[in-house]
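Visitor: In the order they appear, the protein sequences are chains A and B. This note's numbering puts the first sequence at residues 1 to 389. This note's numbering puts the second sequence at residues 1001 to 1434.
If you are wondering where the hints come from, they were derived from the structure by calculation, not from laboratory data. On a predicted model such as this, the values are computed, not experimentally measured, just so you know. Don't take every hint at face value.
To be verified - Across the chosen pairs, the derived CB separations fall in these ranges:
| id | chain 1 | residue 1 | chain 2 | residue 2 | range |
| --- | --- | --- | --- | --- | --- |
| 1 | A | P133 | B | K1030 | 29 to 39 Å |
| 2 | A | F235 | B | K1101 | 32 to 42 Å |
| 3 | A | T189 | B | A1055 | 47 to 57 Å |
| 4 | A | P211 | B | G1350 | 30 to 40 Å |
| 5 | B | F1401 | A | F235 | 33 to 43 Å |
| 6 | B | W1208 | A | L374 | 53 to 63 Å |
| 7 | A | G215 | B | S1136 | 29 to 39 Å |
| 8 | A | A220 | B | Q1388 | 56 to 66 Å |
| 9 | B | A1309 | A | R243 | 25 to 35 Å |
| 10 | A | T189 | B | L1100 | 55 to 65 Å |
| 11 | A | I132 | B | F1401 | 33 to 43 Å |
| 12 | B | G1350 | A | V54 | 50 to 60 Å |
| 13 | B | L1100 | A | R243 | 49 to 59 Å |
| 14 | A | F235 | B | S1029 | 40 to 50 Å |
Idealized CB from N, CA, C, for every residue including glycine.
The lines below spell out each chain.
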Amino acid sequence: MSSQLDPQTKQDLLNPKERSFTQRLATAADWRTAILIPLLSVITALLIGIVIIVLTGSSFGDAMAAYGALLEGSVGSLRAVSETLTAATPLMLAGLSVALAFRAGLFNIGGEGQALIGGMFAVWVGFSITGIPIFIHLPLAILAGIVGGAIWGFIPGILKAKTGAHEVITTIMLNYIALRLVDFLLKTTMFQREGRNDPVSKNIESSAEYPAFLGGIDSALRVHAGLFVALAAAFLIYWLLFRTTIGFEFRAVGANPSAARYAGISVTKVYVMVMLIAGALAGTAGAGQVLGVLGRTTPGFTADLGFDGIAVALLGRSNPWGVVAAAILFGGLRAGGQQMQVSASVGIDLISVIQALIIILVAAPALIASIYRLKTPVASTQISKGWGS
Amino acid sequence: MSDRSAEFEQTPVESYLSKEVKSNVLSKSKVRRAKIIGIVMLFLAAVVMFVLAPASQGVATFGLSFSDEKFQLSALAIPSTAALYVLAMVLAFLGGTQFLKGFQRKSTLILGISFVVFVISIMIWATAGQEFSLISMLVSTIARTAPIALGALSGILCERSGVVNIGIEGMLLGGAFTGVVMGSLLGGWVGLIAATITGGILALLLAWLSINYRVDQIIIGVVINLLVLGLTSFLTAQVLVKRPEWNDAPIFPAIKIPLLGDIPIIGPMFFDQTVIVYAMFGLVALTTFMLFRSRWGLRTRSVGENPKAADSLGISVAKTRYLAVIYGGMVGGFAGAWFTLGTVGRFDEGMTGGAGFIGLAAMIFGGWNPIGALGAALIFGFSDSLSQKLALINTAIPTEFLAMTPYLVTIVVVAGLVGRARPPAADGVPWEKK
Chain A
1 MSSQLDPQTK QDLLNPKERS FTQRLATAAD WRTAILIPLL SVITALLIGI VIIVLTGSSF
61 GDAMAAYGAL LEGSVGSLRA VSETLTAATP LMLAGLSVAL AFRAGLFNIG GEGQALIGGM
121 FAVWVGFSIT GIPIFIHLPL AILAGIVGGA IWGFIPGILK AKTGAHEVIT TIMLNYIALR
181 LVDFLLKTTM FQREGRNDPV SKNIESSAEY PAFLGGIDSA LRVHAGLFVA LAAAFLIYWL
241 LFRTTIGFEF RAVGANPSAA RYAGISVTKV YVMVMLIAGA LAGTAGAGQV LGVLGRTTPG
301 FTADLGFDGI AVALLGRSNP WGVVAAAILF GGLRAGGQQM QVSASVGIDL ISVIQALIII
361 LVAAPALIAS IYRLKTPVAS TQISKGWGS
Chain B
1001 MSDRSAEFEQ TPVESYLSKE VKSNVLSKSK VRRAKIIGIV MLFLAAVVMF VLAPASQGVA
1061 TFGLSFSDEK FQLSALAIPS TAALYVLAMV LAFLGGTQFL KGFQRKSTLI LGISFVVFVI
1121 SIMIWATAGQ EFSLISMLVS TIARTAPIAL GALSGILCER SGVVNIGIEG MLLGGAFTGV
1181 VMGSLLGGWV GLIAATITGG ILALLLAWLS INYRVDQIII GVVINLLVLG LTSFLTAQVL
1241 VKRPEWNDAP IFPAIKIPLL GDIPIIGPMF FDQTVIVYAM FGLVALTTFM LFRSRWGLRT
1301 RSVGENPKAA DSLGISVAKT RYLAVIYGGM VGGFAGAWFT LGTVGRFDEG MTGGAGFIGL
1361 AAMIFGGWNP IGALGAALIF GFSDSLSQKL ALINTAIPTE FLAMTPYLVT IVVVAGLVGR
1421 ARPPAADGVP WEKK
């Protein structure tokens, strides 16, 4: 098992407090795996995207125009940047959720379900409590989202700890259970908007909304205070993972559960705590969408947030700041994709394809290394350890 | 429960305890488990007795024949309230016995019977005072079982060789897409072949990245799902919208088998279906035989259980895994054709709607065994079909909860609360020849 440790983790385990993020960037091998491989992956995926556009009957010029629109829609104006950051906010939290679990050797595919339940909790607090000021109502609604997500994350955690049930299977199943549960709840009188037959929840009170902090400049600037919550969460997770004993235990269990147990770490406790926090993060992401963008919930309102979170965590190499950077990139792709669809009539689903390609290339760095003839030792990402163990 | 499965019940901590202590812990947990099962059954009895029975009145009528069948069966008329009280008594008796004495080895079976009784109770309660076409529900159960069972089969083939396949959903969706496009252009049979090849190509990607590059297999599976969903949605929006004639394939008709098709109930269920459903039964039988009775099957299973031992005997782990994964992918692609060529003849974005994951659930529930997976798929197909048909008649039943069944059952199974699913030992572990 120990042979599977990548050098970075090994170093972190040896002296966790002595190496900062910048220090880690400074060493040559780390620089390649942390920056170069992800960058080349993104470029390669974008190039394949051009091929796909051309193959579906558009000219090369059209493809270039589409990418121009993509760039313009993501960073071309203040409004575009606002859209990028709006899209990046939930991705950061969902990515952190997956990244934290990765660090402890768990694969949280359940971000989707956790975000759904968190969002439902948040929307309920958002519309059912009235007449209290924003500085009480908003934190209460966020807290509800955290609790909802944590509950949904706790289930696979406790099942893994107590029965050994593989978290990949249980989280996938819980995603679908959450989806159906939301479908059901949205048709109950508790959630459904009065006078509507379709499944849509009541609107949240304005006192539960994340303030759009640039709304004073232009009301079309949607970027909201949830961004700061996400950045704070990134800092907290970084601090937790690399500056606390609990975080050390998380990483030790992720590196080698047997050795960690032998060293006196309670592996079952770590599994439960990691999934609890991961669920809370994803729940915050779902709540953020409800409180900052949507204002209500509809069936499947999280729109594959959990899966995008996996992509973000992989691209960010499970480092909290890497996750933030990856989330901004994917947020830009999402926002630019909208523009691409409108002005170049190239469907936004292309972004999903590019995202999937990025994950493949990031997860298989040997592929990138062989395409670009990099001379760097690369090991493929191995997170799951099979159903059996 | 045999000693073998007991071995896998132990939590990691218990493995450090001495043998005597371990057996003590196990028997205690067994007793607790038996009590829990008893309580669950008593709870079901209480629900039937105090919730369903008082709320139902009138006669529940279940239709057993289609009007065009040769031999007509008269509809089954059940006085709902009386029947529900009787069923509640049965459940209470079973649950009470389980709680006090326990059925030991048979307790899982008894629990299964209790669930069947409970489902029947729900159906009687929902139908009370109305008419429900039981036969059309049973026929659609078999039809809906096909993609789930084939999806599960796809997973079994990959995982028996040691490659985790989370990408079943993507293979289904890819097969559904190319199936409809090629089916529209060149006819249904070509569509079926194209769907199969698509599944094979996606599996090749899974095999190539997991075997040659040792990429995390679960990540590849997730990527296959995302990639296919994105690509098919993109192509639908870019191409199929402009060319609707490419998205209009002929549907395979149901083929009635002479004589057998005239048997009441069983005839329409099993002998009046499309080729895809017949092929499903054929593939389950063939794969079972191949896996457990052929040299290829033995080699495949050995590679999935202990690749090192297989390698030392001269079996090529990589080649064996490639073959099994590609075969599995082709089955998955074929299954995808059901969604377009087997039902509606047109493709919609994300139309498989999680069926691949239900297939994954069926694979686990069926213990990585084709016959077991078929059984599980039948249960899931039933719950799917029941929720569809109950939505048609006026009932207060929230069908979403029925739709949750496959997922809940899977969690219960992987948690070892009822029986224990044991995956192949080397499932998901990349192989590197030293």
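Visitor: Which earlier hints turn out false for this structure, listed by number in ascending order?
Guide: 1, 2, 3, 6, 7, 8, 9, 10, 12
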